[in-house]
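Starting from the known structure of chain A, arrange chain B on it as the hints suggest.
Quick mapping for you: the protein sequence lines, in order, are chains A and B.
So this note's numbering is basically just the index in the first sequence, starting at one, shifted up by 637.
So this note's numbering is basically just the index in the second sequence, starting at one, shifted up by 42.
Please keep in mind that the hints were generated in silico from the structure rather than gathered at the bench.
Any given hint could be a false lead.
What the hints assert, rightly or not - In silico contact screen, one side only, chain B against chain A (beta carbon under 7 Å); selected entries: (1) G82; (2) G84; (3) L85; (4) L87; (5) L139; (6) N142; (7) G144; (8) F147; (9) S149; (10) G150.
Stated by the list, open to error - Far from chain A by the CB rule (all over 12 Å, computed), these chain B residues: (11) L55; (12) T62; (13) D68; (14) N70; (15) K113; (16) P125.
To be verified - To give an idea of the chain A side of the interface with chain B (calculated C-beta under 7 Å), a few residues: (17) M682; (18) L684; (19) R687; (20) T738; (21) F743; (22) G744.
Glycine is no exception: its CB is placed at the ideal position from the N, C-alpha and C atoms.
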Amino acid sequence: AQTVTQSQPEMSVQEAETVTLSCTYDTSESNYYLFWYKQPPSRQMILVIRQEAYKQQNATENRFSVNFQKAAKSFSLKISDSQLGDTAMYFCAFMLPFSGTYKYIFGTGTRLKVLA
Amino acid sequence: NAGVTQTPKFQVLKTGQSMTLQCAQDMNHNSMYWYRQDPGMGLRLIYYSASEGTTDKGEVPNGYNVSRLNKREFSLRLESAAPSQTSVYFCASSWSLGFNYGYTFGSGTRLTVV
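Isolated chain A (complex conformation):
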C-alpha cells in the first residue's frame, strides 16, 4: 500500500526556535517526488518545499529544509527561526504514477502552532 504517515497531529514551538515535523511513507516505486505543503487558516495549500527521490542532497528553501532518508522512507521538515506566520497545518505528500497520470498521496497533516 502507498501511504504517508505523519505521526504528530499537533506541535508547538516558540517563536525563533527550530522545529522538525516527521513524515514517513511507503511505496514500492523507485522514482517519485516528495513535497511539504502548508495550509494556513485561509485554507489555501501552499507548496513549501519539494525533493526528488533520486537526489541524495536534501532540499532547502530559505528557513525550510528537509532530511530525506530514502532507505528509511523518511522525509522530515525542519523549520528554522520559526515565525508566527508559520502557524498552519503541514502536509507531507509524494507524487507517483497512477493510471496514466500521477497522483498525490497526502498524509493527514501536522498542526503547527508558533507561540509568541
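For chain B alone, kept in the frame of chain A given last:
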C-alpha cells in the same frame, strides 16, 4: 492576484440536492484537478483533466461529475448530494499532469450535506 479561484467558499445542501462547484485558473495551466479533504484522511483525487477537452476519474469519483469548460475552468457537480460528501473540496492546477514542481491550489469549498 494570479492563482486558482473557487466558488462558493461555503455551502450547505440538503440530501438529494444538486450543485456545481466552480473553479477557474488564470495561469494558463493545462491540467486541473479536484480533490476532497476529509479529517484524518489527507487529500484524495476525485477527477482530473489533463488538458482542455479531457477528463478522467481519480480515486474517489463516485457521486461526482466534472466539466472542463475551457482551458481556464473546471467544474465539479454533485447530482444528488449525500452526507458522505460533506468535505472540503480543493481545485488545483499545474502546467502538465504530474508536474513535479507542485500544484497550485485554490482556497477550497467547505460543503456540508445535511
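Status of each hint after checking the structure:
Interface hint at B:G82: satisfied, since its Cβ lies 5 Å from the closest Cβ of chain A, which is below the 7 Å cut-off. At a threshold of 7 Å, the smallest CB-CB gap from B:G84 to chain A is about 3 Å, leaving the interface hint in force. For B:L85, the interface hint holds, the least distance from its beta-carbon to any beta-carbon of chain A being 4 Å, beneath 7 Å. About 5 Å separates the beta-carbon of B:L87 from the nearest beta-carbon of chain A, less than 7 Å, and the hint is met.
The beta carbon of B:L139 is positioned within 7 Å of a beta carbon in chain A (closest approach about 5 Å), and the interface hint is therefore held. The interface hint given for B:N142 is met, as the beta carbon of that residue sits about 4 Å from the closest beta carbon of chain A, less than 7 Å. Below 7 Å, beta-carbon pairs count as interface contacts, and B:G144 has one with chain A at about 4 Å; its hint therefore holds. The beta carbon of B:F147 is positioned within 7 Å of a beta carbon in chain A (closest approach about 4 Å), and the interface hint is therefore held.
Of the supplied interface hints, the one on B:S149 holds, with its beta-carbon coming within about 4 Å of a beta-carbon of chain A, less than 7 Å. This hint holds: B:G150 has a C-beta 4 Å from the nearest C-beta of chain A, less than the 7 Å allowed. Separation of B:L55 from chain A is adequate, the least Cβ-Cβ distance of about 19 Å exceeding the 12 Å criterion. At the 12 Å boundary, the C-beta of B:T62 stays outside the reach of chain A, the nearest C-beta of that chain being 20 Å off.
B:D68, annotated as away from the interface, keeps every beta carbon of chain A farther than 12 Å; the closest lies near 15 Å. Listed as outside the interface, B:N70 is consistent with that label: its C-beta sits roughly 18 Å from the nearest C-beta of chain A, beyond the 12 Å cut-off. The Cβ of B:K113 lies farther than 12 Å from every Cβ of chain A, with a closest approach of about 18 Å, so its non-interface assignment holds. Its beta-carbon lying about 21 Å from the closest one in chain A, B:P125 satisfies the requirement of being farther than 12 Å from that chain.
Hint status for A:M682 relative to chain B: holds, with the closest Cβ pair at about 4 Å, below 7 Å. For A:L684, the interface hint holds, since its Cβ comes within 7 Å of a Cβ in chain B; the closest pair sits about 4 Å apart. The closest approach between the C-beta of A:R687 and any C-beta of chain B is roughly 6 Å, which is under the 7 Å cut-off, so the hint is satisfied. Because the beta carbon of A:T738 sits about 5 Å from the nearest beta carbon in chain B, less than 7 Å, this interface hint is met.
Because the smallest distance between the Cβ of A:F743 and any Cβ of chain B comes to about 3 Å, under 7 Å, the interface hint for this residue holds. At about 6 Å, the closest approach between the beta carbon of A:G744 and any beta carbon in chain B falls short of 7 Å, and the interface hint on this residue holds.
In the structure shown, no violation is registered for any of the earlier numbered hints.
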